[in-house]
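K.L.:
Each chain, written out:
Protein chains: 2
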Amino acid sequence: MVYPASVFITGANRGIGLGLVREFLKVPTVKHVIAGARNPDNAEELNAIGDKRLNIVKIDIESDESIKNAYKQIETIVGESGLNMLLNNAAILPPYFTNGAICRETLMKCVNVNVLGTAIVSQTFLPLLRKASSHGSGDHWGVDRAAIVNISSFWASIEQNEDGSGDLGSLAYRISKSAVNQLGKTMAIDLKGDKIVVAQFCPGWVQTDMGNMGGRTAAITVEESASALVKSMSKLTKEHSGGYFDRHLKVIPY
Amino acid sequence: MVYPASVFITGANRGIGLGLVREFLKVPTVKHVIAGARNPDNAEELNAIGDKRLNIVKIDIESDESIKNAYKQIETIVGESGLNMLLNNAAILPPYFTNGAICRETLMKCVNVNVLGTAIVSQTFLPLLRKASSHGSGDHWGVDRAAIVNISSFWASIEQNEDGSGDLGSLAYRISKSAVNQLGKTMAIDLKGDKIVVAQFCPGWVQTDMGNMGGRTAAITVEESASALVKSMSKLTKEHSGGYFDRHLKVIPY
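Protein chains in written order, with the UniProt record's numbering: chain W, 1 to 254; chain Z, 1 to 254.
Some hints here could point you the wrong way.
Note: identical chains are not told apart, hence a pair may lie in one copy or across any two.
As the list claims (entries may be wrong) - Pairs of lysine-lysine residues, derived as DSS-like cross-links and limited to a Cα-Cα distance of at most 30 Å, are as follows:
| hint | residue 1 | residue 2 |
| --- | --- | --- |
| 1 | K192 | K52 |
| 2 | K58 | K109 |
| 3 | K109 | K72 |
| 4 | K250 | K52 |
| 5 | K231 | K109 |
| 6 | K72 | K250 |
Calculated directly from the structure, the hints in this document are not laboratory data.
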């Protein structure tokens with residue numbers, strides 16, 4: 001298995017983000033797990049983790065200034081090694097229905113966090129990812145060299161959309177995650193010269209606040225999802241770049 | 001061929017929008033062609049068209065208020081017949097590159113016009129589309145009953161994205177148009193009960209200000225594109241709803 005020496009995870013105070021933090025900390029060769037949270041002081045579960053390899057960094061991906069501040073801190077943490085892996089996980093799911101209230105602000109907020117936040121964080125962290133990639137050699141690509149991984153969703157699939165806005169009002173979330181898939185595909189092509197893998201994953205239907213919305217209990221635990229995701233990430237190489245996968249690295253149609 | 005008695009086209013003051021206005025006016029059974037423009041006073045070419053079936057309506061799809069005002073005017077024009085066809089055409093292409101300047105505002109503007117504007121216009125006009133659909137009978141679906149057609153782009157295809165941001169900086173545009181495809185697919189499912197077709201079209205590489213960007217001359221004329229589009233729209237039925245097509249109604253992979 002191939003792991004990053006350093007990984008930065010946004011939205012890491014709960015849900016899948018927190019699960020991924022725990023999962024990476026299980027790997028002895030991982031040196032730095034950097035957990036991004038909007039309010040580190042309130043991130044109780046993160047703060048309770050007693051592992052010196054964990055750094056908690058304040059980041060609000062709606063704010064370019066906050067992203068820049070996080071960059072400076074992470075640059076100090078990883079130093080000349082650069083950052084091997086950026087894991088864009090932070091996202092929101094505000095209910096929105098075709099046949100419901102008309103509210104541009106809700107659509108805007110969802111797109112701003114899920115898509116624009118992911119784009120700006122990715123662009124901002126390119127110098128640190130390039131630095132890490134420059135230490136790799138030859139034609140090797142992978143999360144141990146340099147990677148951007150975006151947490152997408154099954155709901156991003158336009159091809160497999162069968163229930164529209166559905167019971168939960170997924171319209172805003174769906175369009176944002178389809179946009180994330182196109183963002184990742186576009187960046188993957190643009191970053192070929194840097195040997196940076198860019199991949200999109202659906203974590204599955206996971207028992208988080210988001211996954212359990214509408215009073216249902218999701219199919220799998222956070223640990224099951226995070227464990228499968230990290231295993232699949234360890235297999236990422238050049239041919240996966242731009243792709244959209246389930247947690248077992250099975251291709252999902254866009 | 002099957003045509004709408006009334007059609008409302010946004011961004012109709014130039015380019016493909018203007019071409020679609022001219023094309024629909026060629027059809028004798030079309031009663032109302034409503035051309036949306038941000039600045040009707042400056043829409044010289046529209047104003048020069050001497051056809052009583054043409055109405056020019058002010059609409060800025062970034063403004064909910066402007067959309068509501070346009071709705072009121074169009075309601076008066078189409079009356080109890082309702083609106084058969086909403087053609088979301090207005091869009092912008094601001095250059096944006098993965099490896100270029102970081103600018104959330106540019107991404108936001110592009111998404112606001114191309115995606116959120118399309119969503120809000122579509123939602124706002126649902127009562128008029130439903131009214132038109134209610135006059136149809138049985139299982140007939142089509143632009144002569146009720147339809148939302150979104151002008152998408154070849155660049156919306158995530159599957160077929162091979163050049164990333166490319167020479168023109170298509171990142172913002174690409175993500176916005178992929179989001180439009182998901183918006184259309186989601187709305188198509190949500191509007192099944194209303195028998196409203198929702199379809200997305202790539203107009204081709206057309207000789208417009210947008211198409212000729214970067215000093216190149218696009219492959220086809222506005223008239224060639226608009227003529228093929230209107231022909232394909234006339235063939236739309238239930239099974240096309242949610243789909244993404246080229247101007248000849250050939251499926252494009254999402």
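K.L.:
Regarding K58 and K109, is the shortest C-alpha distance of 30 Å or less found within a copy, between copies, in both, or in neither?
P.N.:
Result: close both inside a copy and across copies, 20 Å intra and 27 Å inter.
K.L.:
Within a copy, between copies, both or neither: which one fits K231 and K109 at a CA-CA cutoff of 30 Å?
P.N.:
Result: close neither inside a copy nor across copies, 32 Å intra and 38 Å inter.
K.L.:
Cα distance capped at 30 Å. Does K250 pair with K52 within a copy, between copies, both, or neither?
P.N.:
neither (34 Å within a copy, 57 Å between copies)
K.L.:
Between K72 and K250, at a C-alpha cutoff of 30 Å, which is it: within one copy, between copies, both, or neither?
P.N.:
neither (36 Å within a copy, 49 Å between copies)
K.L.:
When no copy is specified for K109 and K72, does a C-alpha distance of 30 Å or less occur within a copy, between copies, both, or neither?
P.N.:
For K109 and K72, both the intra-copy (26 Å) and inter-copy (28 Å) Cα distances are at most 30 Å.
K.L.:
Reference check for the pair K192 and K52, CA-CA at most 30 Å: within, between, both, or neither?
P.N.:
neither (34 Å within a copy, 55 Å between copies)
The structure shown violates the earlier hints numbered 1, 4, 5 and 6.
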